[in-house]
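Participant: Sequence:
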Amino acid sequence: MGAAPVGIIVLAAGQATRMGRLKQLLPLCNRPLVEWSIQSAREARLGPIVVVLHPAVAAAGIPLHPAPEVHPVVNPWPERGQATSLRLGLRALLQTEPSVEAALVVLGDQPLVSADLMRGLVRVFREVRARHTLPRRPAGENSAPLVPVGARPVWNGEPGHPVLLGRRLLSEALAFPASDSMRPLLDRHRERMLFWPAPGPEVVTDVDTWEDYYIIVRRLQRQEQYQGEGERR
14 MGAAPVGIIV LAAGQATRMG RLKQLLPLCN RPLVEWSIQS AREARLGPIV
64 VVLHPAVAAA GIPLHPAPEV HPVVNPWPER GQATSLRLGL RALLQTEPSV
114 EAALVVLGDQ PLVSADLMRG LVRVFREVRA RHTLPRRPAG ENSAPLVPVG
164 ARPVWNGEPG HPVLLGRRLL SEALAFPASD SMRPLLDRHR ERMLFWPAPG
214 PEVVTDVDTW EDYYIIVRRL QRQEQYQGEG ERR
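Following the numbering used here, the numbering of the sequence shown begins with 14 at its first residue and continues without gaps.
To be clear, the hints were calculated from the coordinates, so they are not data collected in a lab.
Keep in mind that the hints are not guaranteed to be accurate.
DEER-style ranges, computed between Cβ atoms [what the hints assert, rightly or not]:
| # | residue 1 | residue 2 | range |
| --- | --- | --- | --- |
| 1 | A143 | P40 | 41 to 51 Å |
| 2 | L233 | G74 | 16 to 26 Å |
| 3 | P40 | A80 | 30 to 40 Å |
| 4 | A17 | Q234 | 35 to 45 Å |
Every value quoted in this text rests on a predicted model; they were computed, and no experiment measured them.
We put the beta carbon where it would ideally sit given N, CA and C, even for glycine.
With the hints as extra help, turn the sequences into a complete structure.
Facilitator: This is the structure we're talking about:
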């Protein structure tokens with residue numbers, strides 16, 4: 014029997030107050046910014062995908078991938094913060110696929126996070142959980158092994174995204190008090206989170222400012238140019 018599916022929730026309902034406009038719709042190599050995260054989620058082939066959208070993004074009619082595994086959901090209260098979007102996404106995910114093993118929470122403003130990275134985080138989580146080992150108890154404490162309840166990539170000591178929430182955390186996330194982020198939930202279970210050394214800085218690279226945006230635009234343009242030259246050789 015194969016492993017249970019891992020659902021993916023793409024959070025794309027932020028208001029982008031620092032940029033003065035909805036960054037989800039910014040053009041990035043002929044695609045809206047949010048499309049990059051959705052495409053990577055599809056290529057990961059982990060399970061159903063729920064995309065939580067800002068009402069204005071949904072009203073703009075961006076052409077989300079017309080695939081059966083992609084389920085758009087509109088957050089009517091984006092001003093209430095990320096936790097609202099997370100709960101909406103989790104409810105939609107569990108209605109779509111009640112048997113999910115975990116939920117991978119992806120940010121819609123991280124276009125450099127690849128399908129390989131998503132699969133890598135899930136693979137490491139499954140491997141460590143199968144061994145029932147999180148060796149982080151100080152000497153002298155109860156030596157019973159810790160089973161991870163979630164996983165998060167880290168780059169140069171900085172926790173990043175996506176964040177994997179194991180089945181045990183899903184009910185807690187649904188009931189968690191409204192806040193601006195997942196941080197209180199993750200802090201509560203920090204001892205049982207698996208922190209995975211990421212292969213690159215993509216996990217901490219997002220679009221929060223115009224400077225961030227133009228840096229990523231130039232990087233992707235160079236990448237496409239390099240790929241084009243390789244195909245012509």
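Participant: Confirm or reject each hint.
Facilitator: Hints, verified against the model:
1. For the pair A143 and P40, the supplied restraint of 41 to 51 Å holds, since their beta-carbon distance comes to about 43 Å.
2. For the pair L233 and G74, the supplied restraint of 16 to 26 Å holds, since their beta-carbon distance comes to about 24 Å.
3. Judged by the Cβ atoms, the range 30 to 40 Å given for P40 and A80 is violated: they are separated by roughly 22 Å.
4. Checked against the hint of 35 to 45 Å, the pair A17 and Q234 passes, with Cβ atoms roughly 39 Å apart.
Checked against the numbered hints given earlier, this structure breaks only hint 3.
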